[in-house]
Every structure is written in C-alpha cells, then in structure tokens.
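Q: Read off the chains here:
Protein chains: 2
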Amino acid sequence: MNIRPAVEQDRDAIWNIFHEVVAAGDTYAFDPQTLREEALAYWFRADTHTYIAEQEKKIVGTYILRANQGGAGSHVANAAFMVAPNAQGQGIGRAMGEHCLSEARRLGFRAMQFNLVISANESAIRLWQQLGFKIVGTLPGAFRHPQKGYVDVYVMFRSLEDTR
Amino acid sequence: MNIRPAVEQDRDAIWNIFHEVVAAGDTYAFDPQTLREEALAYWFRADTHTYIAEQEKKIVGTYILRANQGGAGSHVANAAFMVAPNAQGQGIGRAMGEHCLSEARRLGFRAMQFNLVISANESAIRLWQQLGFKIVGTLPGAFRHPQKGYVDVYVMFRSLEDTR
Chain S
1 MNIRPAVEQD RDAIWNIFHE VVAAGDTYAF DPQTLREEAL AYWFRADTHT
51 YIAEQEKKIV GTYILRANQG GAGSHVANAA FMVAPNAQGQ GIGRAMGEHC
101 LSEARRLGFR AMQFNLVISA NESAIRLWQQ LGFKIVGTLP GAFRHPQKGY
151 VDVYVMFRSL EDTR
Chain B
165 MNIRPAVEQD RDAIWNIFHE VVAAGDTYAF DPQTLREEAL AYWFRADTHT
215 YIAEQEKKIV GTYILRANQG GAGSHVANAA FMVAPNAQGQ GIGRAMGEHC
265 LSEARRLGFR AMQFNLVISA NESAIRLWQQ LGFKIVGTLP GAFRHPQKGY
315 VDVYVMFRSL EDTR
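These protein sequence lines are chains S and B, in that order. Counting from 1, position 19 in the first sequence corresponds to residue 19 in the numbering used here; the numbering is continuous, with no gaps. Counting from 1, position 115 in the second sequence corresponds to residue 279 in the numbering used here; the numbering is continuous, with no gaps.
By construction, these hints were calculated from the structure, which means they are not laboratory data. Note that CB positions come from ideal geometry on N, CA and C, so glycine has one too. Check the hints yourself; a few may be wrong.
[Stated by the list, open to error] Simulated crosslink set (DSSO-like; lysine-lysine; CA at most 30 Å straight-line):
| hint | chain 1 | residue 1 | chain 2 | residue 2 |
| --- | --- | --- | --- | --- |
| 1 | B | 298 | S | 148 |
| 2 | B | 298 | B | 312 |
| 3 | S | 134 | S | 148 |
| 4 | B | 298 | S | 134 |
| 5 | B | 312 | S | 134 |
[To be verified] Chain S stretches covered by chain B per the calculated footprint, using a threshold of three residues with CB under 8 Å from any CB of chain B:
| hint | segment |
| --- | --- |
| 6 | 107-118 |
| 7 | 140-148 |
[Unchecked claim] Ranges between beta-carbon positions, derived for each pair:
| hint | chain 1 | residue 1 | chain 2 | residue 2 | range |
| --- | --- | --- | --- | --- | --- |
| 8 | B | 222 | S | 105 | 40 to 50 Å |
| 9 | B | 220 | S | 47 | 38 to 48 Å |
| 10 | S | 161 | B | 286 | 23 to 33 Å |
Kindly produce the complete structure, drawing on both the sequences and the hints.
A: As structure tokens, this is what we get:
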C-alpha cells in the first residue's frame, strides 16, 4: 500500500469513496445528498492536506488533515478518514491513521482531535484507541444513526508531544 | 434590552464587537488578525441565524445560532456569543443565552453544544452551567491563552428536550 498527497486526477476516485461512505449514513454527519462539487470542495479545502491510499494503482482510501480550530486553537489537528467499502478490514484505516499522525507531527501540530466519532462505530473506536487516542468527551444522542436511532458521539484526543 | 435578528445595517456594530473580542484573544479561536469581510461572512453565513442585543438603540452584543454538524448531526445546535467589552457584567450574555435557547427550541433543535469553552473563562462557564449546560468533554491544552499559555478547553452540552 502507498499513501501520498492527493492530486487533481484523484478526484473521481475520492468522490466515489466519499459518496459510498456518506450514503451509508452511519459514520459521518454529512448530508447523504451532498453533491460531488460540495464534497470535493470540502475535501480539498485550501486549509486542508488531502491524501489517498492506493493498492496496485487503485485508490482504496482517503483522508484529510487540517487545524481543528483557527487562531489560538490551531495547534490541534483534526482529521477524517474514509476507506472504500469494498476494501475495508484490510488495515487501510490503520495505515492511514499512522501516516496521518506522522504528517501531523511533521506539520508541527501538538495534538489531534476527532470531533465526531459515532459510539456505534466500534471498529473505529478500537483503532483510534490502539493509536493512542482517548475518549475525552461524550455527546449524548448527538448522531441520528440510520438503524439505531439517536446514539452518543465521542470526542477523541491524543497529544503528539510524547514519543511513541 | 432588546434582542432581535441582525440586519445589514448592524454590520458595522457587529464588526466592532467581533474585532474587540477577538483581539483580546482569550475567549475565541479566531485569528486576531481576522479581516472584517471574513468575520462578517462567518457571522452571517447562509446556514446561520444572527442576532443582536441592543440597549437604548446601541448594539451591545451579538450571537449566532446554527447546526453544529450537517446530516445526521444537524439536530444539535451550536452558538457563539459576543458582548461589547465596555458592556460586560450587565447580564447581556445571560439574556442572549436565554434568547438563544428559546430560538433553538423554536427552530426544532434537540440539543445545544459549545465546542470551545476556554477553561480560564470562568464567568462564561458559570453562566452556561446556570443555563443548564454540563461539561461533557475536556480537551487538554487545546487553547493557547495569551496570558496563561496552553489551557484546557471544555465541550459543553445541554438537551433541549426537557422542560425547564
């Protein structure tokens, strides 16, 4: 697997992944009807570092890395990850997570925060915990899950200052 | 005191308050160098309800109310409040907070979340607790305070479903 910064020619593949992941509606708070141009504008926003993961020249995952807040909060990174549904369970999320932590350190961030981890998304929570994140907040019923109704949302956080 | 939706003619007064509050750098994660047009674009964003508080025809405070997330997270409101520095300590923040909770209920939100309450901002924390918010998360060192260095940030949350 290779992980690299995304380029213009990756936009179709990224949109396909984004659309599939968001249509499922169980992991992200994007409107499932989000249009291609809106989605790509968000994923390639000027303040955002965008990456893809590829296997045998096929793009199987994508992630973004940016400051979670401006000004006096800009030392904390935020990131979002998407793996193509037909490529899940192969360690692509973990590889992107490790790459992302490394990139965040390289860019000078002091910590990383996820604002919206769905409590029902157990495999993601386990992965982030294995990568050193802790649940630092619980938002009661803050996500309307398509099968489970209102479920809690976790805020997860880890310092990047410690050595690993 | 009167609180009402903001109109075009309020932009100068809102910018003056925004600029003064953000320049102090101790309550918001906006770049203190934020330009007028950026600030007003954010404060009047298409998905945002913008209000002002006025006393004797002078605008002394402003707040915004919007969904904190899109899609399956859009039932949770977010809000941000600013009081003119020379009008603080007169209950304007509290009056806007109560107005905001009422507006959020009217608009159908089920809960309200603040993503970035600076732990050093004790008067704000006390006010939100009095208005029914709880600290549901603590982000270690997530804000660079101009006098105190890195300080914790709280995530605060309250349901709007209960009767008060």
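Q: Compare the structure with each hint and give your call.
A: Now for the hints, and whether the structure bears them out:
1. 298(B) to 148(S): Satisfied, since the Cα-Cα distance of roughly 25 Å is no more than 30 Å.
2. 298(B) to 312(B): Roughly 24 Å between the alpha carbons, so the hint for residue 298(B) and residue 312(B) holds.
3. 134(S) to 148(S): holds (24 Å)
4. 298(B) to 134(S): holds (20 Å)
5. 312(B) to 134(S): With a Cα-Cα distance of about 25 Å, the restraint between residue 312(B) and residue 134(S) holds, given a limit of 30 Å.
6. 107-118: holds (count 5)
7. 140-148: holds (count 7)
8. 222(B) to 105(S): 40 to 50 Å: Holds, since residue 222(B) and residue 105(S) (Cβ atoms, about 49 Å apart) stay within the stated range.
9. 220(B) to 47(S): 38 to 48 Å: With a Cβ separation near 41 Å, residue 220(B) and residue 47(S) satisfy 38 to 48 Å, so the hint holds.
10. 161(S) to 286(B): 23 to 33 Å: holds (26 Å)
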